[in-house]
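*Asks:* According to my numbering, the sequence shown is numbered sequentially starting from 11.
Misleading hints may appear alongside valid ones.
Distance condition first, Cα-Cα at most 27 Å in a straight line; then the derived DSS-like pairs of lysine-lysine [unchecked claim]:
id, residue 1, residue 2
1, 85, 30
2, 27, 83
3, 30, 83
4, 83, 23
5, 85, 27
6, 23, 85
Derived Cβ-Cβ restraints for the label pairs, each shown as a range [said to hold, decoys possible]:
id, residue 1, residue 2, range
7, 21, 59, 30 to 38 Å
8, 59, 20, 13 to 21 Å
9, 56, 20, 14 to 22 Å
10, 58, 20, 16 to 24 Å
11, 58, 21, 27 to 35 Å
12, 23, 69, 25 to 33 Å
13, 83, 48, 24 to 32 Å
14, 90, 30, 24 to 32 Å
15, 24, 80, 16 to 24 Å
16, 39, 62, 26 to 34 Å
17, 41, 21, 24 to 32 Å
18, 25, 84, 28 to 36 Å
19, 79, 28, 18 to 26 Å
20, 48, 26, 25 to 33 Å
Just so you know, the hints here were simulated from the structure itself, not pulled from any lab data. We treat Cβ as the ideally placed atom computed from N, Cα and C, and that holds for glycine.
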Amino acid sequence: MAAMVDKRSIPRKRVFKAGKITFGGAVIDCTVRNQTVYGALLEVESPLGIPRHFVLDIAVDQFRRECEIAWMKEKRLGVVFRGG
């Protein structure tokens, strides 16, 4: 079986950080699994009810960014950071 090739122009850095997904007054805990300046891989208990657009907060980095879900598979979300 052939190995998968990562076709991203900038490889994502593997991390393990606590994050919070916020939208419409709701807050959902998540784990940030990898990250670049353009996006991240998030893991949640359940993706049910998470809208396509939300804000991601990573307290340890004092990071807050609007996100858009690019893909979703089971408990993992690939997100793209919006704006600057």
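*Asks:* In this structure, is the beta-carbon distance linking residue 58 and residue 20 contained in 16 to 24 Å?
*Replies:* 31 Å, violated
*Asks:* For the pair we were handed, residue 30 and residue 83, check the Cα-Cα distance against 27 Å.
*Replies:* 19 Å, holds
*Asks:* Indicate whether the distance between the beta carbons of residue 25 and residue 84 respects the range 28 to 36 Å.
*Replies:* Given a distance of about 20 Å, which is not inside 28 to 36 Å, the answer is violated.
*Asks:* Is 25 to 33 Å a correct range for the gap between the Cβ atoms of residue 48 and residue 26?
*Replies:* Taking Cβ atoms as reference, residue 48 and residue 26 lie about 19 Å apart, which means the hint is violated.
*Asks:* Do the Cβ positions of residue 56 and residue 20 conform to the proposed distance bound of 14 to 22 Å?
*Replies:* 30 Å, violated
*Asks:* Between the beta carbons of residue 90 and residue 30, is the distance compatible with 24 to 32 Å?
*Replies:* 18 Å, violated
*Asks:* Taking 30 to 38 Å as the stated bounds, is the beta-carbon spacing between residue 21 and residue 59 within them?
*Replies:* 31 Å, holds
*Asks:* Hint says 18 to 26 Å; check whether the CB-CB distance for residue 79 and residue 28 agrees.
*Replies:* Cβ of residue 79 to Cβ of residue 28: about 19 Å, so the range 18 to 26 Å holds.
*Asks:* At the C-beta level, are residue 39 and residue 62 separated by a distance inside 26 to 34 Å?
*Replies:* With Cβ atoms ~19 Å apart, the hint is violated.
*Asks:* Is it true that the CA of residue 83 sits at most 27 Å from the CA of residue 23?
*Replies:* Holds, at about 20 Å.
*Asks:* Regarding the pair residue 85 and residue 30, is the alpha-carbon distance no greater than 27 Å?
*Replies:* 15 Å, holds
*Asks:* Do the beta carbons of residue 23 and residue 69 sit within 25 to 33 Å of each other?
*Replies:* At roughly 18 Å between Cβ atoms, residue 69 and residue 23 fall outside 25 to 33 Å, so the hint is violated.
Hint compliance for this structure: hints 8, 9, 10, 12, 13, 14, 16, 17, 18 and 20 are not met, and every other hint is.
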